[in-house]
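K.L.:
Residue-level listing of the chains:
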Amino acid sequence: MIDLTIDGRDISVPEGTTVLDAARLLNLDIPTLCHDPRLKPYGGCRLCIVELEGVPRPVTACTTPVAGGMVVTTESEQLYRLRRTVIEFLLSDHPNDCMVCQRAGDCTLQELAYFYGLRDNRFWGERRRYDKEDANPFIKREMEKCILCAKCVRVCGEVQAVGAIDLAYRGFNAKVCPPYEKDLDCEFCGQCVAVCPTGALTGKVWEAQGRQKDVKYTETVCPYCGCGCNITLHSVRNRVIRVSSRENTLNEGWLCSKGRFGFEFINKPDRLRTPLIRRRKDGPLEPASWDEALGLISSRFEGIKKEHGPDALGGLSSARCTNEENYAFQKFFRTVIGTNNIDHCARY
Amino acid sequence: MAGLATVFGSGAMTNSIAEVENNDALFVIGSNTTENHPIVALRMKKAAEKGAKIIVADPRKIPLVKFAALWLRQRPGTDVALLNSMMHVILEEGLEDKRFIEERTEGFEAFKAAVKEFTPEYAEKITGVPKEDIIKAAKIYASAGKAGIYYTMGITQHSMGTNNVYSVANLAMLTGNLGRESTGVNPLRGQNNVQGSSDMACAPTVLPGYQKVTDEAARAKFESVWGRPVPSKVGMTATEMTGAMIDGSLKALYIMGENPLLSDPNMGHTTNALKNLEFLVVQDIFLTETAELADVVLPAASFAEKDGTFTNTERRVQRVRKAIDAPGEALDDLEIICRLSLRMGFDLCLNTPEDAFLEAGSLWPALAGMTYRRINDNGLHWPCPTSDHPGTPYLFHGTFPKGKATFTPVPFVKSKELPDDEYPFVLTTGRVLFQYHTGTMTRRSKALEAVAPEAFVEINTADAENLGISTSDMVSVTSRRGEIKLKAKVADKVGPGVVFIPFHYKEAAANILTNDALDPVCKIPEAKVCAVRLQKA
Amino acid sequence: MSNNIKINVCMGTGGIAAGGDEVMAAFDLELRKAGLEADVEKHCAVHRVGCRGFCARDVLVDVSVDDVRTTYQYIKADMVPRLVEEHIIGGVPVEDWVVGQDYHDFHDRQEKVVLADCGQIDPEDIQAYLDVDGYKGIVKALSEMSPAEVIECVKASGLKGRGGAGFPTGMKWQFCAANKSDRKYVICNADEGDPGAFMDRSVIEGNPHAVIEGMSIAAYAIGAAEGYVYIRAEYPLAVERLHKALSQARAHGFLGKAIHGTSFDFDIKVKLGAGAFVCGEETALIASIEGQRGMPRAKPPFPAAKGLWGKPTVINNVETLANLPFILRKGAEWFASLGSETSKGTKVFALTGKICNTGLIEVPMGIPLKEIIYDIGGGIEGDRLFKAVQTGGPSGGCIPVEHIDLPVDYENLLKVGSMMGSGGMVVLDENDCMVNISKFFLEFTQSESCGKCTPCRIGTKRLLEVLTRITEGKGKKTDIDLLLDMANDIKDTSLCGLGMSAPNPVLSTIKYFRHEYEAHINDKRCPAAVCRSLLTFTVIENLCKGCGMCLRACPAGAITGEKKKPHYIDTSLCVKCGACFDVCKFKSVIKE
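Here the protein sequences line up with chains D, C and X, keeping their order.
Going by our numbering, the first sequence opens with residue 1, and the numbers climb by one from there.
Going by our numbering, the second sequence opens with residue 1001, and the numbers climb by one from there.
Going by our numbering, the third sequence opens with residue 2001, and the numbers climb by one from there.
Honestly, the hints are just simulated from the structure, not real lab data.
Just so we're clear, the structure is a prediction, and the values are computed from it rather than from any experiment.
Every residue gets a Cβ at the ideal spot worked out from N, C-alpha and C, and that includes glycine.
It is possible that part of the hints are untrue.
Below, a list of computed lysine-lysine pairs in the DSSO-like style, where the Cα atoms sit at most 27 angstroms apart [unchecked claim]: (1) 2477/X x 2306/X; (2) 182/D x 1066/C; (3) 1050/C x 2591/X; (4) 40/D x 1446/C; (5) 132/D x 1446/C; (6) 2311/X x 40/D; (7) 204/D x 1446/C; (8) 2299/X x 1046/C.
Over 12 angstroms on every C-beta distance to chain D, these chain X residues come out as not near it, computed from the model [what the hints assert, rightly or not]: (9) 2021; (10) 2066; (11) 2109; (12) 2146; (13) 2171; (14) 2375; (15) 2453; (16) 2482; (17) 2525; (18) 2541; (19) 2592.
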């Protein structure tokens, strides 16, 4: 363990811990735009700078490993000034169109601009102009809003091991793009969207579906494969508009294209809304009341059971239903119908 | 899961997903993990980055091959020969875990005798995998400190699927890769709650918690809680039910949330069976192909509209929570079942999901320690027998539920239907990344549908050349059971003599072609191997 | 005629550009014609040699008759017959073409270590290097010294990194040697990127074996079996000579398995850089060798702990490495006796700008700036007024006339707000606008920023924008303070040396030439008459002869006037191209 002092408080952390992690253990709020605990340290945004006693320049907390006896200062007039300058630089090359931005209210850059009170900007100058629309159906890429934190590049390489995007060009013209600036063609896991701290990457599926203030968040589990990824449903006025995932879950916040983008079915107009009954043989399925439908099922099940015995009935349950529903289903068949003719789709 | 239950006394993934990244070696057989279990695959990629060696055994050059130290392209349906041969090599090289075999297993000698004939040379002839690679794979797996096996339907959906599972289990036992972190035998479950619906005993032979219906004491326990007699006669599996529908002995079927018409092999057969029923009830969120045949269709709530729990592939029981109201008059399945039961004169007494959860826990010790409050944040892995038990990320530490694990001598049995002059290609089926199962959910997503809009048949370059087929040509694929037309995708993802079709698409449903021959033990159909012929359409 | 005739033709990039190849061919032809075989084996030998620094006088040719050397300057192929006829055959030097006293002044005031053999030996012939005691340093290290002793020797010599930052080389090695690893690497940083700098290129072109020997010594000291030379692809001649030298060294058993007959293995690979300035930064350079985008990463860990492929790595600059054979051969004490109290040895500079003698020089550390400019450099062109000297390239700063006596070493340069850098030295005179100079360097750093960190990516762009508007006469009163604020914040927050030092030209020009900024901003005037937007061109009536040259040259139709009568420039139409100023033979057009 390494002993150090941060803002006058003593702390002991394992070797290899970064100053940022150590500070966060003390609940100190050091701003960052490019750091993600799931990715390798990058040190690009320069917001997490802190002062080390005996070191003339500030260092980035995210890349600096702790050392014994280190004395760290995370807040000072000079640090405030430097961080403010960095944010001001970023905003001087940003559309600042929060009024129509999907990420308004959920944007780290906006948040920082707010806390540092940056309304005017000393540095107004040329802005990057990228008007290319990426034709892929999942991810909206507005590269003018990109702050080059490279989280998307890193998650695509380090986590997804796909490497569909990288940085191109130099200096002020540096940008993130697929090879030869073509349209994105990848696994569309949307990990890049999940880590983007600004409105540069958003889901086309949830574009203009609802603003942050209206969103209700529900923690639940993905309905697709057996991984059991934890997802957060964003709903607005009884519609699911987006899926995201928290970092501290079994899936570490990562999802696949189905889990992240494949939720539209929930809101589809062709969802079944009432029971349907076929009132005559080969006739059409027609809407019915629950009373009528359940009455019909009840009488037909009773009749067949009476005539042919309980084993003339069977039930197929679903792996997409909950444990409780499956439990109830088999209990119903075993107690009410009186048969073990129950199975589910595990074999397919 | 009957296979693993026979060997260990419990049939589920032995280890948890988080452990994957700390494996020293991973043997991935019959699992296209990156496309079917993308998030488990992330851990595999991470393991590879940390230095683990991945061995992929798959007839197709699946994306995971890129991260593999070794790729074995076995012919479809020859897994047992491959596995037996690897074990033959391990024994030859003396790489087996003698202490583990001695202390924790039984039946070793018979097993040892059974793999004797599977020399790498012999296995090469059957599997098509070069003998050097078999030896290399055996050495990588057996000499790793912590090695895990991962498989899915590529192992189980065969007429000898149970044998395949026995073989996989033998391999882990032989090397002592059980009961420790980052090891194990890990069937990756293809659907969100397959594990849970198995646990909850929507199965003809067992009551919740894998307690046999033939076990009188178990029945008595359930009867005392349920207040009704529990039938002792083993019921029919789904595949057997299809037969019983055809022969008329099964008159009524109640399907909750399934679309067997598209997901089951031999679609023509399934359609006839369903049509032959006197009374069919389908409860679903959409009017599926199966629902269209029903007499009564009941509108159900989707996962976003209800509370409850799912149990994922690693036995983690997690909360499902209601985000929005179900559309129209749709109700959640639990409520529908309870209402129907009441209508038929019996109160199931499951008024809330948690009532059902706690009742299941009172009858199955592995769940007894869980409550909604305890699983609120990140869920718990069963078994979790008491309210202070932390859950069990990996099974079999120290002992197996049945005491010692049993080696099973496994002979090599050919698939039921192999290529011949008339049907010269082996068809294997599976999923693609952007679609899921029968497409009920994914095909309603504009974006997913945009990138994976239609079915295709993957054909090896050499075969395609011989047949004069190029990518995007329409091809008719015919088996003894039917014919479909779809676009060709020519590439070397499949080997010569093999074709692959994803089964999501009703327009060109792969299961029109597949064989419904069953595995004799667990009645799983042979969806992964059948014989077809190809023709440019 | 004599039996002992040697001819050296300067064939560095400068020499070749001036026609060195043709001169070589002409000698060959003429000597054959005269029945003298141009062959090393015979009594008359023609050698190609590397750059000796005075590129402005190329092609330089030495003719030695019985070891009496005569050096000729500005030689072209058509001059060769006369040289052969009169000097070689006739024995009488061609006095018209012999270099003058200024050539000797240029060389005599220098102290050559690294460049000692450049321009004297054939860089494509390993034997030539062996003849001047080449590879004796590494042999001494391998046979007489332990790796630790080698490190001690380098530490005792006081050698500091010549790439810019001046970190003690021996210490760097010691850190790396202390890190245990199955593999270690030595990298030679030959990604020389400063505008106007050509020190490293000349060393590799002129004496590549010295670099190979230096790398071998470093490898032995730290325990590396593999080395890389990361060199700009824009240096084709250096790359070619390096490859030739490597294969000759391998053939001699100086590289590869068991080098120099010992049990030590060492070999070198060449990696071409794609001309990104930032790849001179060591972590970016490593990323580039690994096939990644050349972007720096935060240090620590330093390359000595985690470098190429994550293994301990020493990165030294070309000039640093080229010093090592001499240190090993002649001893640490000898090296430490050169230079100043704190900076030992010599330093190579690329002397350019408004100076009479431009070229490559090597001087002892601590030499007064004045000596470099006036004694070696021959003073300012056209006897104009010296204004400042810019050292350290785009990362450095300028030193004004009040510091002309400054001893040039690492410490003193830092003290006055500049830096040693890799050795660029640009001399500026009264006709240079300091705002414009600072804008020039910012244009360079801004476009060479890798874009990874915010202050360098956006900050340098904003600095440049403000400088640009000042030079365009659109500067605001607050701009100087804004520049200072930005510059200081960029220095404090940037990730790597590029961003940290990019504002230096701005800071040092404001420090010493604030009045020039103020003139641009307040008076809308460029005192050096450089910033075009601020210039006005006018015709002085009484000097104008009305010849009409300016009228015809003006692309904007801004000049009117009748023949033989004074012309007039309409400033509202003038685009300030300066064509009138340039064509006027009577100096009647003035700009101010």
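K.L.:
Each hint should be assessed against the structure and marked as holding or not.
P.N.:
Hint check results:
{"no.": "1", "hint": "2477/X x 2306/X", "in the structure": "violated, 48 angstroms"}
{"no.": "2", "hint": "182/D x 1066/C", "in the structure": "holds, 23 angstroms"}
{"no.": "3", "hint": "1050/C x 2591/X", "in the structure": "violated, 68 angstroms"}
{"no.": "4", "hint": "40/D x 1446/C", "in the structure": "violated, 34 angstroms"}
{"no.": "5", "hint": "132/D x 1446/C", "in the structure": "holds, 22 angstroms"}
{"no.": "6", "hint": "2311/X x 40/D", "in the structure": "holds, 18 angstroms"}
{"no.": "7", "hint": "204/D x 1446/C", "in the structure": "holds, 10 angstroms"}
{"no.": "8", "hint": "2299/X x 1046/C", "in the structure": "holds, 25 angstroms"}
{"no.": "9", "hint": "2021", "in the structure": "holds, 35 angstroms"}
{"no.": "10", "hint": "2066", "in the structure": "holds, 57 angstroms"}
{"no.": "11", "hint": "2109", "in the structure": "holds, 37 angstroms"}
{"no.": "12", "hint": "2146", "in the structure": "holds, 31 angstroms"}
{"no.": "13", "hint": "2171", "in the structure": "holds, 18 angstroms"}
{"no.": "14", "hint": "2375", "in the structure": "holds, 37 angstroms"}
{"no.": "15", "hint": "2453", "in the structure": "violated, 5 angstroms"}
{"no.": "16", "hint": "2482", "in the structure": "violated, 6 angstroms"}
{"no.": "17", "hint": "2525", "in the structure": "holds, 24 angstroms"}
{"no.": "18", "hint": "2541", "in the structure": "holds, 43 angstroms"}
{"no.": "19", "hint": "2592", "in the structure": "holds, 30 angstroms"}
Violation of the numbered hints given earlier is confined to hints 1, 3, 4, 15 and 16; the remaining hints are satisfied by the structure.
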